[in-house]
Amino acid sequence: MPCSVRRLSLAALAVLLPAAVSAQVAARPDRDATLDAVASWIALDVTPGREALVAPAMRAIGFGSAPLDGYMIRKGSGSPRRVVACSLDQAGYVVSAITDDGFLRLHNSGNARRHALWDQFHEGQRIRVRTARGVVPGVIAVRSTHLWRRRAADEAPASIENFYVDVGARTAAEVAAAGIQLLDPVTRDLSGWRYADVVAGP
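Read in the working numbering, the sequence shown has 91 at position 88, and its numbers run on one by one without any break.
What the hints contain is simulated information worked out from the structure, not anything from laboratory work. From the three backbone atoms N, C-alpha and C, an ideal C-beta is built for every residue, glycine too. Just so you know, not all the hints are guaranteed correct.
[As the list claims (entries may be wrong)] Label pairs and their in silico Cβ distance ranges:
(1) Phe-124 to Thr-102: 22 to 28 Å
(2) Arg-173 to Arg-129: 32 to 38 Å
(3) Arg-84 to Asn-111: 35 to 41 Å
(4) Val-86 to Pro-140: 33 to 39 Å
(5) Phe-124 to Ala-180: 14 to 20 Å
(6) Asp-39 to Val-87: 37 to 43 Å
(7) Ala-115 to Pro-140: 44 to 50 Å
(8) Arg-136 to Val-87: 32 to 38 Å
(9) Phe-66 to Gly-171: 34 to 40 Å
Produce the entire structure from the sequences given, and follow the hints as far as they go.
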């Protein structure tokens, strides 16, 4: 008898599971569209003063213009009314100097509050320089562990004062040829990650 009950249970499970999977698959398109939209927002580079760069993405999902160069959308009706306000720009850097050997130096951009280890999080990371001609990839250089071996350990966190950005140029002329100019915005090259029904990003 227990064996028969087990067979019946397995048979019922075999019938119910495809139906449950079909229902989940049928429900995914809307959810996937929402996740895609959120992931695309995370990937936007919006440094202070460059908020207009997000205009096409905002208008594509129904947002209209609002005072002070903002965007607004209304959903639903009735009361109570709730307002969800978010800043458009993100903390970042700008190019403050170009060295003779083709490295970029940086300066903070915007007035956003930064964690004490904000600069440290960028050391050795890929970045994007947004120029008038497009995006130029680069990396914030990190000192060689081999050259520093057996030297006194430096416990101080990395800071903007010792950042050098490598964009593959060997001279200041090559930097200029890439279209990079002073005050061009610099942001970390991070995109959104999707885990099942969750999107994560900076």
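Against the structure, the hints:
1. Phe-124 to Thr-102: 22 to 28 Å: For Phe-124 and Thr-102 the Cβ distance comes to about 23 Å; the hint holds.
2. Arg-173 to Arg-129: 32 to 38 Å: For Arg-129 against Arg-173, whose Cβ atoms are near 19 Å apart, the range 32 to 38 Å is violated.
3. Arg-84 to Asn-111: 35 to 41 Å: holds, 37 Å
4. Val-86 to Pro-140: 33 to 39 Å: holds, 38 Å
5. Phe-124 to Ala-180: 14 to 20 Å: violated, 30 Å
6. Asp-39 to Val-87: 37 to 43 Å: At roughly 20 Å between Cβ atoms, Val-87 and Asp-39 fall outside 37 to 43 Å, so the hint is violated.
7. Ala-115 to Pro-140: 44 to 50 Å: violated, 24 Å
8. Arg-136 to Val-87: 32 to 38 Å: holds, 36 Å
9. Phe-66 to Gly-171: 34 to 40 Å: holds, 37 Å
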